[in-house]
Amino acid sequence: MTELSNEQKRDFEAAAFRRLVEHLRERGDVQNIDLMNLAGFCRNCLSNWYREAANAEGVELGKEQSREIVYGMPYAQWQALNQIEASDAKKAEFEARRPKDH
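For what it's worth, full-length UniProt numbering labels the leading residue of the sequence shown as 1, then goes sequentially.
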């Protein structure tokens, strides 16, 4: 097994993140509530983690800025194009599994 340098790990992690974000951009039909109910995270979580990482390095990044980075457009625009009303069952499942920080 090849030993990776810290720089290689960082570069590969960044590439995997970019691929995940691009995949989620292409799959606007997959609702955030579905992601939350299935995996415990969604696009908003990714944008929050991105913002937290930036802020930890002293880079002030706002909520809307980080969301635009993940969504590839302003969040309100993405919602208008893609978001549909969740069923009562999906909302109930989310409430039952809601992470403490949501």
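The set of hints was computed from the structure by calculation and includes no laboratory data.
A few of these clues could be false.
What the hints assert, rightly or not - The following label-pair restraints were derived from C-beta to C-beta distances: (1) SER87 with LEU4: 39 to 49 Å; (2) GLU13 with VAL59: 15 to 25 Å; (3) SER87 with GLU22: 20 to 30 Å; (4) GLY62 with PHE17: 33 to 43 Å; (5) GLU85 with THR2: 23 to 33 Å; (6) ARG98 with GLY72: 39 to 49 Å; (7) GLN65 with LEU4: 39 to 49 Å; (8) ALA76 with SER5: 13 to 23 Å; (9) ASP88 with GLU57: 36 to 46 Å; (10) GLU22 with ILE84: 20 to 30 Å; (11) GLY72 with GLY40: 31 to 41 Å; (12) ASN82 with GLY58: 17 to 27 Å; (13) GLY72 with GLU13: 28 to 38 Å.
To be verified - With a cut-off of at most 20 Å between alpha-carbon atoms, the simulated SDA-like pairs for lysine to any residue come out as follows: (14) LYS63 with TRP78; (15) LYS91 with VAL30; (16) LYS91 with ALA53; (17) LYS100 with GLN79; (18) LYS63 with ILE33; (19) LYS9 with ALA76; (20) LYS63 with LYS91; (21) LYS63 with ALA86; (22) LYS63 with ALA80; (23) LYS91 with VAL21; (24) LYS63 with SER87; (25) LYS90 with LYS9; (26) LYS9 with ARG25; (27) LYS100 with ASN44; (28) LYS9 with TYR50; (29) LYS91 with ASN32; (30) LYS90 with ASN37; (31) LYS9 with GLY28; (32) LYS9 with TRP49; (33) LYS100 with ALA80; (34) LYS90 with GLU52; (35) LYS90 with VAL21; (36) LYS90 with ASN44; (37) LYS100 with VAL21; (38) LYS90 with PRO74; (39) LYS100 with ILE33; (40) LYS9 with GLN79.
A virtual CB, placed ideally from N, CA and C, is assigned to each residue, including glycine.
Hint check results:
no., hint, in the structure
1, SER87 with LEU4: 39 to 49 Å, "holds (44 Å)"
2, GLU13 with VAL59: 15 to 25 Å, "holds (18 Å)"
3, SER87 with GLU22: 20 to 30 Å, "holds (28 Å)"
4, GLY62 with PHE17: 33 to 43 Å, "violated (20 Å)"
5, GLU85 with THR2: 23 to 33 Å, "violated (48 Å)"
6, ARG98 with GLY72: 39 to 49 Å, "violated (26 Å)"
7, GLN65 with LEU4: 39 to 49 Å, "violated (31 Å)"
8, ALA76 with SER5: 13 to 23 Å, "violated (41 Å)"
9, ASP88 with GLU57: 36 to 46 Å, "holds (42 Å)"
10, GLU22 with ILE84: 20 to 30 Å, "holds (22 Å)"
11, GLY72 with GLY40: 31 to 41 Å, "violated (23 Å)"
12, ASN82 with GLY58: 17 to 27 Å, "violated (33 Å)"
13, GLY72 with GLU13: 28 to 38 Å, "violated (20 Å)"
14, LYS63 with TRP78, "holds (15 Å)"
15, LYS91 with VAL30, "holds (15 Å)"
16, LYS91 with ALA53, "violated (29 Å)"
17, LYS100 with GLN79, "violated (24 Å)"
18, LYS63 with ILE33, "holds (19 Å)"
19, LYS9 with ALA76, "violated (34 Å)"
20, LYS63 with LYS91, "violated (24 Å)"
21, LYS63 with ALA86, "violated (23 Å)"
22, LYS63 with ALA80, "holds (18 Å)"
23, LYS91 with VAL21, "violated (24 Å)"
24, LYS63 with SER87, "violated (27 Å)"
25, LYS90 with LYS9, "violated (37 Å)"
26, LYS9 with ARG25, "violated (24 Å)"
27, LYS100 with ASN44, "holds (15 Å)"
28, LYS9 with TYR50, "holds (17 Å)"
29, LYS91 with ASN32, "holds (11 Å)"
30, LYS90 with ASN37, "holds (8 Å)"
31, LYS9 with GLY28, "violated (29 Å)"
32, LYS9 with TRP49, "holds (18 Å)"
33, LYS100 with ALA80, "violated (27 Å)"
34, LYS90 with GLU52, "violated (28 Å)"
35, LYS90 with VAL21, "violated (23 Å)"
36, LYS90 with ASN44, "holds (17 Å)"
37, LYS100 with VAL21, "violated (24 Å)"
38, LYS90 with PRO74, "violated (25 Å)"
39, LYS100 with ILE33, "holds (15 Å)"
40, LYS9 with GLN79, "violated (34 Å)"
Violated hints, in rising order: 4, 5, 6, 7, 8, 11, 12, 13, 16, 17, 19, 20, 21, 23, 24, 25, 26, 31, 33, 34, 35, 37, 38 and 40; the structure is consistent with all others.
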